[in-house]
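Engineer: Line by line, the protein sequences give chains A and B.
Sequential numbering from 1 applies to the first sequence in the numbering used here.
Sequential numbering from 1001 applies to the second sequence in the numbering used here.
Please keep in mind that the hints were generated in silico from the structure rather than gathered at the bench.
There could be a bad hint or two in this list.
To be verified - Each computed BS3-like pair below joins lysine-lysine, with the alpha-carbon atoms no more than 25 Å apart:
id, chain 1, residue 1, chain 2, residue 2
1, A, Lys19, B, Lys1069
2, A, Lys81, B, Lys1005
3, A, Lys90, B, Lys1044
4, A, Lys104, A, Lys19
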Amino acid sequence: MTEAHVIVGLEVHCQLDTKSKLFCGCSTDYRNDGPNTHVCEVCLGLPGSMPVLNKRAIEFAMRVAKALSCEVLYESEFSRKNYFYPDLDKAYQITQYDKPLAEKGILEIDGDDGEKKVRITRIHVEEDPGRLVHMGNAERGRYSLVDYNRAGIPLIEIVTEPDMRSPKEARKFLNKLRATLEYLGVFDSEKEGSLRVDANISIKGSERVEIKNITSYKGVEKALTFEVTRQRNLLRRGQVVERETRHYLEARGVTQSARSKEMEHDYRYFPEPDLRPLQVRSWVDSIVLPELPDARRERFMVQYGCSVNHARTLTGELRLANFFEKVVEPDPAGLPALAATWIADILIGELNYRSMSLDLLEPATFTELIRLLKNGIITDKSGVEVLRVMLDQRLKSETTETPEVIVTRLRLAKTTGDDAALRTAIREAIAENQKALEDYRNGKAGALNFIVGQVMKKTRGRSDPAELNRLLQEELSKGA
Amino acid sequence: MVTEKDVEHIADLADIGMDSGELAPFTQQFNAIIDYFDILDRVKGEESGVRDLYNVMREDDPRPSLPQKDVLSNAPASEDGFIKAPRVM
Ligand SMILES: [Zn+2]
Chain A
1 MTEAHVIVGL EVHCQLDTKS KLFCGCSTDY RNDGPNTHVC EVCLGLPGSM
51 PVLNKRAIEF AMRVAKALSC EVLYESEFSR KNYFYPDLDK AYQITQYDKP
101 LAEKGILEID GDDGEKKVRI TRIHVEEDPG RLVHMGNAER GRYSLVDYNR
151 AGIPLIEIVT EPDMRSPKEA RKFLNKLRAT LEYLGVFDSE KEGSLRVDAN
201 ISIKGSERVE IKNITSYKGV EKALTFEVTR QRNLLRRGQV VERETRHYLE
251 ARGVTQSARS KEMEHDYRYF PEPDLRPLQV RSWVDSIVLP ELPDARRERF
301 MVQYGCSVNH ARTLTGELRL ANFFEKVVEP DPAGLPALAA TWIADILIGE
351 LNYRSMSLDL LEPATFTELI RLLKNGIITD KSGVEVLRVM LDQRLKSETT
401 ETPEVIVTRL RLAKTTGDDA ALRTAIREAI AENQKALEDY RNGKAGALNF
451 IVGQVMKKTR GRSDPAELNR LLQEELSKGA
Chain B
1001 MVTEKDVEHI ADLADIGMDS GELAPFTQQF NAIIDYFDIL DRVKGEESGV
1051 RDLYNVMRED DPRPSLPQKD VLSNAPASED GFIKAPRVM
């Protein structure tokens, strides 16, 4: 109930995955190159240079507008936003102000109380500023190093209405937006710094606070959660929440007052005289949208029999959904049930634990693992071990052993009834646990599970618990 | 009409220090420039045709950028390929 008093709106900046910058031909593939190696007269703002708009950036933004059911404005235009800061070489940013590309859209999310429609206020296109590295210490020698490789990378800014009611809903909105943008082929979330979020948050009846420059998906929920606590504490002590801008300090997980003096009118926006307006509404009809996350989720349930939760998890990220479909492709009827469980419930966790990208894992290798499990060659426990070995190997080198090789090398194949070692392990476990045996004979059925556990330990998890139970009973009846 | 207060505010936004002796001449110059635009506004020119121009765009083809040393040649100071700037904030 208390959460209902929290009101959150977001401004999400996403880099559009074009090949060249928004207003010049500089390549956007700058991440592995030195500073200031992807810049030219235009993105440096040298006198006499003229911006020319990248058509694909507008096409990408239009796809997003259509996917979010926005109205594309009949005429839109670019404006200059003037401010002085070293990340802006021109001392202005080319953005859209009073005539954005599109407005009034919807994104449906899986909200705190079920399906929820978050209203999109507007979508506009703008250029990314440069990147600053702050040097020196607080006492002296403070200066900034500037890299303009990022300056001029196309961004879309997506602004929502204050429709989210908790930090968790804000995260869910972001996840859904990320998935949608990736499905549209306009955005790559794995590129460092490709997403930045400003969040507006207020407690009902109080002033709102803007949190600037949150640079990670998890950061949004953390920053908002911190802010909810801070604002509630102020109100509880009878103080007021001031309307202000705060910065999120990722490393410390706190927000800090920005003491920004600039007001909206200080940006002195005016129409960009070097660019002509856009009239692109008619393009909307010719845009063919690909299958989007909701449709794919439904298809996964129908086509592969996935549960709602598995389908939602698997389609929540483009890479994951593609991976799943490639894994089950060799046997689309037989593999999906196990594959869905193993990807959604185990693989994701193992990857996150290692901060590892799914791209490092071959779908065919994973198919092989699923087959070993499906054919009863290894137990679930051994399956996890094989997976961990593969992921650890892949982190260290280009290739990994195949699941079969790992199973052979580590002798992980499931024990069978006629396995002499297993029989020995069972007899040992019985001999070593006479007390439990007695309890079992005195009618405590649970005591048998204890002995099963002891055998599992001896066989390093290679035995199927149900099979073991049967063998144990068999052994006991022999002895009786 | 630009006032001394406007000039002071704009100087402040630009982080430019301005002493009181400079305010009056700058204000006078600001107004002279803006008045000049008023004159330009009154000039009857030929229709340039540019008004009907929309959707001026280029294809998304990357082109070579400038060599790093050329980029840095205009900077007052640089360090490891970065442009060195005073720390703001
Ligand atoms: Zn450039």
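Engineer: Decide, hint by hint, whether the structure agrees.
Structural biologist: Against the structure, the hints come out as follows:
1. A/Lys19 - B/Lys1069: holds (24 Å)
2. A/Lys81 - B/Lys1005: holds (22 Å)
3. A/Lys90 - B/Lys1044: violated (32 Å)
4. A/Lys104 - A/Lys19: violated (29 Å)
Hints 3 and 4 from the list above are not met by this structure, while the remaining hints are.
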